[in-house]
Amino acid sequence: MRVAATAARRKFRTWRDERPFWAGLFTLAAGVPIIYFPYAHLKFGAIPLALSTSAGAGSLIIGVLLVALAISLWFHQQVRVFAGIAVILLALVSFPVANFGGLLIGLTSGLIGGSLACAWIPPTAATESQPAANPASTTIPAGEDHGGT
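Each residue of the sequence shown is one higher than the one before, counting from 36 in the numbering used here.
Certain hints may be false.
Beta-carbon label-pair distances, calculated as ranges [as the list claims (entries may be wrong)]:
1) 46 to 92: 39 to 45 Å
2) 111 to 40: 42 to 48 Å
3) 50 to 81: 43 to 49 Å
4) 124 to 77: 24 to 30 Å
5) 99 to 131: 17 to 23 Å
6) 99 to 156: 25 to 31 Å
7) 138 to 43: 33 to 39 Å
8) 159 to 99: 21 to 27 Å
9) 158 to 79: 42 to 48 Å
It is worth saying that the hints were derived from the structure and are not from the lab. Here a beta-carbon is modelled for each residue, glycine too, at the ideal position from N, C-alpha and C.
All chains should be modelled from the sequences, with the hints used to inform the complete structure.
Structure, rendered in structure tokens:
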């Protein structure tokens, strides 16, 4: 059981490192409150807090698009720049449309997720397999002149 859990954790870590995982997670976390808050009936003690406005349909569209972009970030890394820019624009549009961007939770999470998606660079196999060479530790064969005085 423990060996299987360790193997599964290593496979997940490898899967996570090959894609913009955190960008997708922040984007998913942005879509959920934007979808949730316009349709929720919140109460603070005896005071009802109604966030149901005419922007309910806009909130639903923005939230579903953010969730779809999060999934595409996980499974289609090639669209990361497009998805990152789209997430940033949707998060900014959610501020006036979707109850202050899901009470600022969705807005900030979307901005972080979109920025991470635009900044993510896929790992290259050459950098992982070759350790960095230390130029001070390389040996110079005797009898060769290497530009010194």
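Hints, one by one, checked against the model:
1. 46 to 92: 39 to 45 Å: 40 Å, holds
2. 111 to 40: 42 to 48 Å: Once the Cβ atoms are compared, 29 Å apart, the range 42 to 48 Å for residue 40 and residue 111 is violated.
3. 50 to 81: 43 to 49 Å: Given a distance of about 48 Å, which is inside 43 to 49 Å, the answer is holds.
4. 124 to 77: 24 to 30 Å: 28 Å, holds
5. 99 to 131: 17 to 23 Å: 18 Å, holds
6. 99 to 156: 25 to 31 Å: 28 Å, holds
7. 138 to 43: 33 to 39 Å: Holds, since residue 138 and residue 43 (Cβ atoms, about 36 Å apart) stay within the stated range.
8. 159 to 99: 21 to 27 Å: Violated, since residue 159 and residue 99 (Cβ atoms, about 34 Å apart) do not stay within the stated range.
9. 158 to 79: 42 to 48 Å: Given a distance of about 46 Å, which is inside 42 to 48 Å, the answer is holds.
In this structure, the hints that do not hold are numbers 2, 8, in rising order.
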